[in-house]
Every structure is written in structure tokens, then in C-alpha cells.
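So the sequences go chain by chain: V and A.
So the first sequence is numbered by the UniProt record's numbering: it starts at 1 and just counts up by one.
So the second sequence is numbered by the UniProt record's numbering: it starts at 1 and just counts up by one.
For the record, the hints were derived by calculation from the structure and aren't laboratory data.
Computed from a predicted structure; not experimentally measured.
Heads up, a few of these hints could be off.
A short, non-exhaustive set of chain V residues, derived as facing chain A with CB atoms under 7 Å [unchecked claim]:
1. 3
2. 52
3. 56
4. 83
5. 91
Just so you know, even glycine gets a beta-carbon here, dropped at the ideal spot from N, CA and C.
Residue strings, one per chain:
There are 2 protein chains.
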Amino acid sequence: MVRENPIPIRLKQARKKAKITQKDLGIKIGMEPSSASGRMNHYEKGRHTPDITALQRMADELGVPLNYFFCEDDSAAELACLIDKMSEGEKELLISKLLKHGAD
Amino acid sequence: MVRENPIPIRLKQARKKAKITQKDLGIKIGMEPSSASGRMNHYEKGRHTPDITALQRMADELGVPLNYFFCEDDSAAELACLIDKMSEGEKELLISKLLKHGAD
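All chains should be modelled from the sequences, with the hints used to inform the complete structure.
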């Protein structure tokens, strides 16, 4: 099954939410100011795929977890962000609730 | 901040859980039988990083969502798998509960 690469849409979504330009985000993760805008635009258009180190830096700058960029639907992406803000204890509690009762 | 690439540990974890060898998984995602074991071993050792198409194929074979491979802690990884089994309605319900009450 050939599926879409979720990175472009997630990256654009998180960048817009963080109200930062492609150029500024590129500079913050270490790109040269002269090429930052074009390189980030390539990532958002899906022409190039960022490597994992660049993705980790973008995740940190945008306040999302690394796995957010790979969520294939919007609700899973939103849940990934909510889970990222939880403590280890809260995550374990949620796991046990979901195993017992599902989402009810 | 330099962080570990989570793919190797997640891949090995999901493959062991699915009780499949490196070679068999490699063949299932389209590798040549003669190189499948070595190539999969490189991925699990972190010497090479699979591209997103290979990761999507592995996710499908192992019954995990693509974002599972990028979860940086075990509890987030387990939650990603649980969320992947939910319907869209269940995910939306969980989002609204977490926004209202947190993990309680």
C-alpha cells in the first residue's frame, strides 16, 4: 500500500500554530539564513524529507513530540501532542484505563 | 540537544512482539532474501535509517502505526498503538476528555 508521507502536512500545521516563518524555523534549527526559507519550503512541499536530527530540532522548536510528524490522521496527531505533555504516571494511568475500558 | 534516534529500539520491540525474524520481515517488505537479514540488522543497530516507505511497510507488517517508530518513551509508544486501534469517534472523545480533565 502506498501512502502519503505525513511529514509535509504536519510540519506546516505545527509551524503555522507556532506562528513562525519557514525562514525563521530553518535558522533556529541551524540552517544558513540565505537557504533556510527554500530548504524548509522543500520539506513542506514533500520534495525533500528532513533527516531525524533535523526533525528532532524542529520538534523541539515547535513544541511537538518527534512522533507528531509521523501521525497519519489529525486526531492521532492531536493526541500525540496531549500525551507529550503528560507525566510518566499520567501516561501509565491512561494506558491502564484504555486497556480496561477503551475510550469510554 | 542531541537525542537518540528511537527507530532501532522500537523496530526491535515491535518485531519481537510480532514474533518474526529480521530476515522474514525484510522479505515481507520487499527485500531480496539474500540481503534481508543484514539490512534489517543495520536498521535495528541504527547503522542505517530506513526511509519512510520502508517504515510504512514495516508498520503495516508489524501492526503498529508509523508514528510508533518515533515515540521517544515506552509509554508514549504503547499509547500510540492503543490509539491506532480506535475509531475516529473514540479518538475525538479521548481528545475532549483529555482537554477537559487531563488523564484523570
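Structure-based check of all given hints:
Nearest Cβ of chain A to the Cβ of residue 3 of chain V: about 6 Å, under the 7 Å cut. The hint holds. Residue-level restraint check for residue 52 of chain V holds (minimum Cβ-Cβ distance to chain A is 5 Å; threshold 7 Å). Against a cut-off of 7 Å between C-beta atoms, the interface hint on residue 56 of chain V holds, since the closest Cβ of chain A lies about 6 Å away. Taking 7 Å as the C-beta contact cut-off toward chain A, the hint placing residue 83 of chain V at the interface holds, the least distance being around 5 Å.
For residue 91 of chain V, the shortest C-beta to C-beta distance to chain A is roughly 4 Å, which falls under 7 Å, so the interface hint holds.
When the structure is compared with the earlier hints, no violation turns up for any of them.
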